[in-house]
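In order, the protein sequences belong to chains P, F and X. Under our numbering, the first residue of the first sequence is numbered 23, with each subsequent residue one higher. Under our numbering, the first residue of the second sequence is numbered 24, with each subsequent residue one higher. Under our numbering, the first residue of the third sequence is numbered 67, with each subsequent residue one higher.
Worth flagging that the hints you see were computed from the coordinates, not collected in a lab. For glycine and all other residues, C-beta sits at the position ideal for the given N, C-alpha and C. There's no promise every hint is true.
[What the hints assert, rightly or not] Now the in silico label distances, taken between C-beta atoms and shown as ranges:
#, chain 1, residue 1, chain 2, residue 2, range
1, F, Arg-275, X, Phe-157, 38 to 48 Å
2, F, Leu-108, X, Tyr-86, 41 to 51 Å
3, X, Ser-165, P, Ala-242, 40 to 50 Å
4, X, Pro-248, F, Phe-91, 36 to 46 Å
5, P, Pro-188, X, Val-139, 23 to 33 Å
6, X, Lys-116, F, Ser-259, 35 to 45 Å
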Amino acid sequence: MSAEVELIEVRKVFGDVVAVDDVSFEVYKNEFFSMLGPSGCGKTTTLRMIAGLEEPTKGIIKLRGNVVNDVPPYKRRIGMVFQHLALFPHMNVYDNICFGLKMQKFPESEFKSRVYKILEVMDMPPEIFAKRNIRQLSGGQQQRVAIARALVTEPTVLLLDEPLGPLDLKIRQRMQIELKRIQRTVGTTFIYVTHDQGEALTMSDRIAVMNKGRIEQIGAAKEIYERPKTKFVAGFIGETNFIEGLCNSDGYFDVKNSPFKIVVDAPSEFVGKNALLSVRPEKIFVAKKLKNMDNIFDGTVEDCIYVGSFVTLRIRLVGDVELKAQVQVAESSLADFKVGDKVQVGWPKENATIVPLE
Amino acid sequence: MSISELIFEKIRKRKKIIPFLFLLLPLGYLLVFFFSPMIISLLYSFGAVDKYYHFIFNFTLEYYLQSFSPTVMVILGRSLLIAGLTAVCCFLLGYPVAYTIAIKTRRYRNVLMMMVILPYWVSFLLRIYALMNILQLLDMYVFGRLGFSVVGTIWGVMLGMIYDYIPFMILPLYASVEKLDVSLIEASKTLGAGPYRTFFHVTLPLTMPGVAAGIILVFVPCVGEFLVPYFLGGPSEYMIGNVIWDLFLKVRSWWFGSAVSTVMLAITLAVVLIYMKYGGGEMAF
Amino acid sequence: MKFGDIFLKVFTFAIFALIYGPIVVMVLFSFNSSRFLGAWTGFTINWYVKLFEKPEVWGALYNSVVVAALTAVISVVFGILTAYAMVRYSFRGKGVIDSLLYIPIIIPEIAEALTLLLFYLLLGWGFGLGFTTVLLGHIAYDISYCYVVLRARLIGFDRSLEEAAKTLGANEIQTFFRITLPLLMPGILAASLLAFTLSYDDFYKTAFTTGPGFETLPLRIWAMARKGGVTPELNALTTIALGISMSLALLYQKFSKK
Chain P
23 MSAEVELIEV
33 RKVFGDVVAV
43 DDVSFEVYKN
53 EFFSMLGPSG
63 CGKTTTLRMI
73 AGLEEPTKGI
83 IKLRGNVVND
93 VPPYKRRIGM
103 VFQHLALFPH
113 MNVYDNICFG
123 LKMQKFPESE
133 FKSRVYKILE
143 VMDMPPEIFA
153 KRNIRQLSGG
163 QQQRVAIARA
173 LVTEPTVLLL
183 DEPLGPLDLK
193 IRQRMQIELK
203 RIQRTVGTTF
213 IYVTHDQGEA
223 LTMSDRIAVM
233 NKGRIEQIGA
243 AKEIYERPKT
253 KFVAGFIGET
263 NFIEGLCNSD
273 GYFDVKNSPF
283 KIVVDAPSEF
293 VGKNALLSVR
303 PEKIFVAKKL
313 KNMDNIFDGT
323 VEDCIYVGSF
333 VTLRIRLVGD
343 VELKAQVQVA
353 ESSLADFKVG
363 DKVQVGWPKE
373 NATIVPLE
Chain F
24 MSISELIFEK
34 IRKRKKIIPF
44 LFLLLPLGYL
54 LVFFFSPMII
64 SLLYSFGAVD
74 KYYHFIFNFT
84 LEYYLQSFSP
94 TVMVILGRSL
104 LIAGLTAVCC
114 FLLGYPVAYT
124 IAIKTRRYRN
134 VLMMMVILPY
144 WVSFLLRIYA
154 LMNILQLLDM
164 YVFGRLGFSV
174 VGTIWGVMLG
184 MIYDYIPFMI
194 LPLYASVEKL
204 DVSLIEASKT
214 LGAGPYRTFF
224 HVTLPLTMPG
234 VAAGIILVFV
244 PCVGEFLVPY
254 FLGGPSEYMI
264 GNVIWDLFLK
274 VRSWWFGSAV
284 STVMLAITLA
294 VVLIYMKYGG
304 GEMAF
Chain X
67 MKFGDIFLKV
77 FTFAIFALIY
87 GPIVVMVLFS
97 FNSSRFLGAW
107 TGFTINWYVK
117 LFEKPEVWGA
127 LYNSVVVAAL
137 TAVISVVFGI
147 LTAYAMVRYS
157 FRGKGVIDSL
167 LYIPIIIPEI
177 AEALTLLLFY
187 LLLGWGFGLG
197 FTTVLLGHIA
207 YDISYCYVVL
217 RARLIGFDRS
227 LEEAAKTLGA
237 NEIQTFFRIT
247 LPLLMPGILA
257 ASLLAFTLSY
267 DDFYKTAFTT
277 GPGFETLPLR
287 IWAMARKGGV
297 TPELNALTTI
307 ALGISMSLAL
317 LYQKFSKK
């Protein structure tokens, strides 16, 4: 697979602030690639550098194999959907979508057919919507016009900057599915920026998790969730329990300040080192009595919160280790926990991962 | 690429030049037609221009000494006093109006402010003339019968000044009051302060920037006012603006005139700076 | 309603009445068939008719409008250039230039007027005072006002619209003419109206920098007022001038809202 977009040691500094700190990655053709991270992690800045709206302080950006550092945005053949959409208020839907076609000198005879076709892909009947004023559209409709406008010129890459932020939850969920469908239909490479992990996990082929200007991990959704490589990734995506301790050489994890030994599958680079064990709440089993599991520990229920489809339990183990476990209500034999109950928690060794301390 | 595109690319590369390219014409124009005249007037006041309108290497303080003569100083003092009184009166009369429009009549706010701004757009000349109309009328039929007159006295001048400048006070005051967080006033009331105490302890201090702006916007132009004392005042209301006008357009004494004008500007600036330091607090600009 | 509220509203109404009263009286008396104030003898438009027979009046009106129109156009162009450079770019000396641009607004008009006269005298234009010298002075004064208005508009401008245009293939010049300029139009029109009015109403600068044979409307009004005081003819003239000013003001309000 060839790289559509390539960043090599890209750095961006604003005054004293390092917004993007030596970031390198590749995005492949027809991929739905997301950059995920909290506000201020540098994902939007990186996106804008790919678009050409910001110049990197250092590093190389390549599009389709060509270095584009000096190429202005209007020559890069990219499409971009902005956070607040940036639809031109003084033009109607048709003119907004047509704008790119005009600027990039598509033949005028093709304008109408192209605009109408893309509106149909967006599920917006052109006869109704083409002449409408932007202000008359709903949030979701404006979204789709913004995407249509960016896609109609057939760019090789579409950049999206948190486009679903201002939408209501239900519409947002629908749009996520829509976006995925559009990407599959049109076949354009999508680079999507968001702070919402659920969104990234749902839509992406691969995700780059960013924090403080650096990339913590890149991989497919499942890989990032199941096998986080850093403390940040483990903690940012989904929820997890962290336990500090030492990986010793016989496959045990000695919990710090505690008599516990946890059975783990420690990667060789952690042996003999202090590290964090990460185990997700839904991967922990809770019952009055457990058997046939690598790890089984005794504990007391400290807190019990009913959340509808599952119950979140806070359990204190002997030796002052506290774990958050999540139990599906459907597992009827395990339901009905009360504060103070004595229980057993456990998990097979592959349900936990080791990440570095910092 | 065509020639224009080549030039365009060249300019694009050297981003630093662009703002200066834009500013070249307008700033150049201002330099020639605004700032250099100011400097030239300074030169006149120091006698560096001769009567054939050439530069001469001369420096004299005689015109300034003339400006500091008792006659001129009295007139200047009177002008500052009148300007100050005008500012205070405009404040006293204008604040309630700004407050009422901003807070008490939320619905008609925009219409009312438009009605305040409208006179703004009518030139001073027209407004003073309109005022003259009615004051002459009143003088003839009301005041005259009572044995006094308004036109040609300090009362006429004060009325004229306030009439002319009150929109300049109401506007910044309104802007300041409008920005006020109403919940602050409500909080004050729930803490036990009645309407008067709330006003003096909360509203007024918070709108100080607007007050300061208004006072300066009224005071500064008022010092140099000419039309009001001309039409509505008598010889004892002669102001520094009248002096400058006569010096330039009647006597054609440019050198003395520019010295007087510079003194007026300097003293006005000094008064404003003193006010800003000790009385004004923050500025709304 | 509390007493305080009633008092405030009455007070405000009174101030409004005092502000508009004289204007209303003046307009009314322009229709008074009596020459003398205080006695209403009947409705007439005679005084307006008499005005229109005077060539000086037409001449002054014409001059005012031409100077104001030219001033508006040139000041707005200069204003846009300045505002754009100051808002969109950062460079050394920006703060100083910004302060300098506010000076024409703060200086008392008579001070500014006399400096212009002295300047022209030095250039040897003492005998050529008239249309050109008046126009040049008006533009110098109006640039700052246009700058202030347009600066505010540019600061509030949504830049992502321009960025979107760029990602769609428009270069800087295309973006400016197709996106920025059309969206700035209300602001540009507002600034033009402001510049027009400032020039149209101008008294001091014009009085100082004009020569024999060139008169604007304010100067005509001044000439008539200092000679004869309040007269019905002058009332008619000022009412007309007033009507024009008010229309401009209303137009400005309309464009400020957008």
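Satisfaction of the hinted span 40 to 50 Å by the C-beta atoms belonging to Ser-165(X) and Ala-242(P): With a Cβ separation near 58 Å, Ser-165(X) and Ala-242(P) fall outside 40 to 50 Å, so the hint is violated.
Range hint 41 to 51 Å (beta carbons of Leu-108(F) and Tyr-86(X)) holds or violated: violated, 24 Å
38 to 48 Å as the expected CB spacing between Phe-157(X) and Arg-275(F), which holds or is violated: holds, 44 Å
Whether the CB-CB distance between Lys-116(X) and Ser-259(F) falls inside 35 to 45 Å: Hint holds: Cβ distance 37 Å, inside 35 to 45 Å.
Consistency of beta-carbon spacing, Val-139(X) to Pro-188(P), with hint 23 to 33 Å: Because 41 Å falls outside the window, the suggested range is violated.
Outcome for the supplied range 36 to 46 Å, where the beta carbon pair is Pro-248(X) and Phe-91(F): For Pro-248(X) and Phe-91(F) the Cβ distance comes to about 57 Å; the hint is violated.
Hint compliance for this structure: hints 2, 3, 4, 5 are broken, all remaining hints hold.
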